[in-house]
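Assemble chain B onto chain A, guided by the hints.
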Amino acid sequence: MEFIDLLISAGLWATVLRIATPLIFGTLGELICERAGVLNLGIEGIMTMGAMVGWMAVFQGADLWTGIAVAAAAGLLVGLLHGLLTVPLGLSQHVTGLGITMLATSLSYFAYRLLLPETTTPPSITPFAPLGDGWWQAVPWLGEVIGQQTAPTLLALALVALVAWVLYRTPAGLAVRMVGENPAAADAQGISVTGVRLMAVMVGSALMAVGGAFLTLSAFNAFFFNMMGGRGWICIALVVFASWRPGKALLGALLFAFFDALQTRLQQMTGGALPYQLFLMLPYLLSILALVVMSRRAAYPQALMVPFRKGER
Amino acid sequence: MRLERRAETPAVLSMAVPVLALLAAFIIGALLILISGASVPAAYAAMVDGAFGSRFALTETLTRAAPLMLTGLAAAVAFRARLWNIGAEGQLYGGALAAVWIGTAPLGIPDALLLPAVILAGAVAGGLLLLGPAVLKTRFGVDEVVTTLLLNFIVLLFVSMMIEGPMKDPMAMGWPQSETLPMAAELPRLIPRTRLHAGLIMALVAAGLIYVMMTRTVLGFEMRAVGASPRAARFAGMGVGRVMLLVALISGGLAGLAGVSEVAGRTGYLTLDMSPGYGTGGVVVAMLAQLHPLGVVLGALMVASIFVGADAMSRAVGVPTYIADVLVAVSLLCMLTAMLFARYRLRRG
Numbered sequence: 007m008e009f010i011d012l013l014i015s016a017g018l019w020a021t022v023l024r025i026a027t028p029l030i031f032g033t034l035g036e037l038i039c040e041r042a043g044v045l046n047l048g049i050e051g052i053m054t055m056g057a058m059v060g061w062m063a064v065f066q067g068a069d070l071w072t073g074i075a076v077a078a079a080a081g082l083l084v085g086l087l088h089g090l091l092t093v094p095l096g097l098s099q100h101v102t103g104l105g106i107t108m109l110a111t112s113l114s115y116f117a118y119r120l121l122l123p124e125t126t127t128p129p130s131i132t133p134f135a136p137l138g139d140g141w142w143q144a145v146p147w148l149g150e151v152i153g154q155q156t157a158p159t160l161l162a163l164a165l166v167a168l169v170a171w172v173l174y175r176t177p178a179g180l181a182v183r184m185v186g187e188n189p190a191a192a193d194a195q196g197i198s199v200t201g202v203r204l205m206a207v208m209v210g211s212a213l214m215a216v217g218g219a220f221l222t223l224s225a226f227n228a229f230f231f232n233m234m235g236g237r238g239w240i241c242i243a244l245v246v247f248a249s250w251r252p253g254k255a256l257l258g259a260l261l262f263a264f265f266d267a268l269q270t271r272l273q274q275m276t277g278g279a280l281p282y283q284l285f286l287m288l289p290y291l292l293s294i295l296a297l298v299v300m301s302r303r304a305a306y307p308q309a310l311m312v313p314f315r316k317g318e319r
Numbered sequence: 018m019r020l021e022r023r024a025e026t027p028a029v030l031s032m033a034v035p036v037l038a039l040l041a042a043f044i045i046g047a048l049l050i051l052i053s054g055a056s057v058p059a060a061y062a063a064m065v066d067g068a069f070g071s072r073f074a075l076t077e078t079l080t081r082a083a084p085l086m087l088t089g090l091a092a093a094v095a096f097r098a099r100l101w102n103i104g105a106e107g108q109l110y111g112g113a114l115a116a117v118w119i120g121t122a123p124l125g126i127p128d129a130l131l132l133p134a135v136i137l138a139g140a141v142a143g144g145l146l147l148l149g150p151a152v153l154k155t156r157f158g159v160d161e162v163v164t165t166l167l168l169n170f171i172v173l174l175f176v177s178m179m180i181e182g183p184m185k186d187p188m189a190m191g192w193p194q195s196e197t198l199p200m201a202a203e204l205p206r207l208i209p210r211t212r213l214h215a216g217l218i219m220a221l222v223a224a225g226l227i228y229v230m231m232t233r234t235v236l237g238f239e240m241r242a243v244g245a246s247p248r249a250a251r252f253a254g255m256g257v258g259r260v261m262l263l264v265a266l267i268s269g270g271l272a273g274l275a276g277v278s279e280v281a282g283r284t285g286y287l288t289l290d291m292s293p294g295y296g297t298g299g300v301v302v303a304m305l306a307q308l309h310p311l312g313v314v315l316g317a318l319m320v321a322s323i324f325v326g327a328d329a330m331s332r333a334v335g336v337p338t339y340i341a342d343v344l345v346a347v348s349l350l351c352m353l354t355a356m357l358f359a360r361y362r363l364r365r366g
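So the protein sequences, as listed, match chains A and B. Taking the working numbering, the leading residue of the first sequence gets 7, the next gets one more, and so forth. Taking the working numbering, the leading residue of the second sequence gets 18, the next gets one more, and so forth.
Isolated chain A, as found in the complex (with noise of 0.2 Å):
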C-alpha cells in the first residue's frame, strides 16, 4: 500500500518532471543531430559549458532568462565546432565528439577557476522560482505537479510539440530528415547537404546547453565540478529508445527520471538494508537493457555517421 501511495503522490511526479527536464532538452538536442546524420558525442561538455557560461551570465548581474540565452548560445558555437569538423571534413564523429566533450568541459571548468578563483563554498544566485498559483491548481492532480515545477520546464515541454512540427510538417523538417537518410537525394533535390547538417548541430547543441543551464538556474544554483554525473550520455541512450521520435524521446526521459526519483525514495524505504550504489546503478542498467530491447527493431537514420561528400562514394 505505501508502494502505491508513493506512485500516485502529486510529490513524486513534481519531481520526476523536474529531473527529466534537462534530459528532455539534452535528448531533442541529440535527436536533431542524428536526424541529420552526425552522431553528436559533445553533448556531456556542451551541457556542462551550458550550464557554466549561464550561470555565469547571472552571476555576474544578467537576468536568469539572458543566461539561458547565453547557454544557447555557447552552444551553438561548440555545435558549429563539431559541425565544421564532422560535416565538410567529415572526421570521424565518435572520436571528434570526445573531443568537443573534453574540450568544453575543460574550458568551462578552466574559465570558471579563471572568473571565480579559490571559494570554499560555491558562490550562489537567485535561481527560476516554482510557478506556485495559478489557474491550474484549479485541476486537482495535475495542477499541484505543475505548480511546483519552473518556467524553462513548460518550454521543455513546448519544444517536444514545436521539434516534433517542425521535423514532420515544415519543408525544413523534411530537409533535416532527407540529409540523415539519403544526403546524395537530398543533394540532386538541391538541398545544401553541408548547410542543413551544419544547421541541425548548432540547434541541437544550443538545446543541449539549455538543458545544462537548467541545472544552474533552476535545479541548483551553483555550478559545481562534474555537476552532469553523465546525464548527457543518458541522452544519447535516449535517442535510440525514442527511435528518434521526439514523443518517444519524452516519454523515455519522463520513465529516466521515474527510475531516478523512484530510486531515491526506495533507499529511504528499505532504510539502508540494500547499499545505495545499487539503486544508483539502475537508471544505467534500464538504459543498456532499453538500448538492447530497442535496438532489434531500430530505425538509424540511414546516414548517421556517414560523411557525405560530393562525388565520393
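Some hints could be false.
Per label pair, the in silico range of CB-to-CB distance [to be verified]:
| hint | chain 1 | residue 1 | chain 2 | residue 2 | range |
| --- | --- | --- | --- | --- | --- |
| 1 | A | 129 | B | 54 | 12 to 22 Å |
| 2 | A | 276 | B | 58 | 58 to 68 Å |
| 3 | A | 168 | B | 59 | 46 to 56 Å |
| 4 | B | 62 | A | 128 | 28 to 38 Å |
| 5 | B | 54 | A | 257 | 48 to 58 Å |
| 6 | A | 69 | B | 54 | 26 to 36 Å |
| 7 | B | 71 | A | 127 | 35 to 45 Å |
| 8 | A | 150 | B | 290 | 39 to 49 Å |
Chain B is nowhere near these chain A residues, computed Cβ spacing over 12 Å in every case [as the list claims (entries may be wrong)]:
| hint | residue |
| --- | --- |
| 9 | 16 |
| 10 | 20 |
| 11 | 45 |
| 12 | 72 |
| 13 | 153 |
| 14 | 157 |
| 15 | 160 |
| 16 | 170 |
| 17 | 171 |
| 18 | 188 |
| 19 | 251 |
| 20 | 264 |
| 21 | 271 |
Please keep in mind that the hints were generated in silico from the structure rather than gathered at the bench. Note that this is a predicted model, so its numbers are computed, not measured. Backbone N, C-alpha and C define an ideal beta-carbon position, used for all residues, glycine too.
Using the frame of chain A, we list chain B on its own:
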C-alpha cells in the same frame, strides 16, 4: 573548395602531422595563458621544467605515462577494428578491483605466484567487461559507444559499493578504500626513492607484443581487414564476430592492466579517485599515435608530460590546472584535422 583524396601520403607529411597538431595546441594554450594574465614564456618554461627538469619530474612523467600507454593501446587495438571502446575508464577500475581482490583474498596463493595472479585477474576482468558490449554489438546490433560509456558508471558504482562494503579496509579511518595489497603482489620499484615502478616495463612489453600481433600475425591482419571493411572481410570468409570478440578481450584486457599498474605499482590500494581520466586520455594517445602501437609509447609520454608539466605551471604562474585538459583536448582535435589533410588535399572548384 573540396577535399580530394591523395593517391599517396608523403612520408614526411605523416611524420609532420603530430608535430603540427601539438604546435597548434600549444599556440591555443598560449592564448589561454595570456588571458589568465601570466607570461607565456615563463609558463611554458615552468611546464617543461615540471615535466622533465629533474629526476623527480622525469620519473613522475614516466609513472603517469605507463597507464596511458596501456589505455592508449586499448583504444588503438579496438579502433583499428572499428570497435569504438569508450569504456577504458570502467575497464581500468574493473581490472584494479579484480587485482586487489585476488591479491588480498585469503586464497592461499603462494607468494611467488601472487603477482602473476594479480596481473592475470586484472587483464581478465577488463577483457570480460568489454566482451559484454562486443557481444551485444555483434548479436543484437546495439551500438557499443553507448553501452561502454554507460558501463563506466556501473563499474564505478560497483567499485564504490565494494570499497565501502565487503572490501573496505577497516584500518583506513573510515575512508572508502580497499585493503592494501601484500608486498608479494606489488610491482617492484624501478628507481629507489621515486614512484617509478615496473608498470612501465609492463606497458612497454605490451606495446611491443601488440605491434608484433598487428603486423605479423593472422589475427592482426584480420583485425585490420575487419576495421577497413567488415563486409569485405566477411566476403573473404573471416569470422567477423569472432575477430570482434578477440579484439574486445585484448582491448579490455589492456585497459584492465592499466588498473593493475596503478594499484599494484603506485597506490597499493583502490580508491575511486585513482584515475584522473586515463580512459579518455587513452583515446587521445591512440589518435596522436595514429593508432600505431609503438607510436602509443610516444603519445603517452607526450600526454603525461602535459599533465605533469601543467600542474607545475599552474603552481608557478597561477594558471588554472584545467589548462592541461584543454591542451590535451585541443591536440586531439588538431591531430584529427591534421591527419585528414595528410590523406586529402584541398582543391578549388
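Hint check:
1. One distance hint, 12 to 22 Å for the beta-carbon pair residue 129 (chain A) and residue 54 (chain B), holds here, with the actual separation near 21 Å.
2. The hinted window of 58 to 68 Å between residue 276 (chain A) and residue 58 (chain B) holds, with their beta carbons roughly 60 Å apart.
3. Checked against the given bound of 46 to 56 Å, the beta carbons of residue 168 (chain A) and residue 59 (chain B), roughly 52 Å apart, stay inside it.
4. At roughly 33 Å, the beta carbons of residue 62 (chain B) and residue 128 (chain A) sit within the given window of 28 to 38 Å.
5. The hinted window of 48 to 58 Å between residue 54 (chain B) and residue 257 (chain A) holds, with their beta carbons roughly 50 Å apart.
6. For the pair residue 69 (chain A) and residue 54 (chain B), the beta carbons lie near 30 Å from each other, so the given range of 26 to 36 Å is met.
7. For the hinted restraint 35 to 45 Å between residue 71 (chain B) and residue 127 (chain A), the CB-CB distance of approximately 37 Å keeps it satisfied.
8. At about 42 Å, the CB distance of residue 150 (chain A) to residue 290 (chain B) agrees with the hint of 39 to 49 Å.
9. Chain B leaves residue 16 (chain A) outside its interface by the beta-carbon criterion, the shortest separation being 30 Å against a cut-off of 12 Å.
10. Separation of residue 20 (chain A) from chain B is adequate, the least Cβ-Cβ distance of about 26 Å exceeding the 12 Å criterion.
11. The claim that residue 45 (chain A) lies off the interface is violated: its Cβ sits roughly 8 Å from the closest Cβ of chain B, which falls inside the 12 Å cut-off.
12. For residue 72 (chain A), the condition that its CB be more than 12 Å from all CB atoms of chain B holds, with the nearest at approximately 23 Å.
13. Listed as a non-interface residue, residue 153 (chain A) keeps its Cβ farther than 12 Å from every Cβ of chain B; the least gap is roughly 33 Å.
14. Consistency note on residue 157 (chain A): stated as away from chain B, and its beta-carbon is indeed over 12 Å from all of that chain's, at 31 Å minimum.
15. Listed as a non-interface residue, residue 160 (chain A) keeps its Cβ farther than 12 Å from every Cβ of chain B; the least gap is roughly 29 Å.
16. Its beta-carbon lying about 23 Å from the closest one in chain B, residue 170 (chain A) satisfies the requirement of being farther than 12 Å from that chain.
17. With a closest Cβ-Cβ approach of about 28 Å to chain B, residue 171 (chain A) is found to remain outside the 12 Å limit, as its non-interface label requires.
18. Every Cβ of chain B is farther than 12 Å from the Cβ of residue 188 (chain A); the closest lies at roughly 19 Å, confirming the non-interface assignment.
19. With a cut of 12 Å on Cβ distances, residue 251 (chain A) stays outside the contact zone with chain B, its closest approach being about 17 Å.
20. At roughly 18 Å from the closest C-beta of chain B, the C-beta of residue 264 (chain A) stays outside 12 Å, upholding its exclusion from the interface.
21. No beta-carbon of chain B comes within 12 Å of the beta-carbon of residue 271 (chain A); the shortest separation is about 18 Å.
The structure does not agree with numbered hint 11 stated previously, though it agrees with all others.
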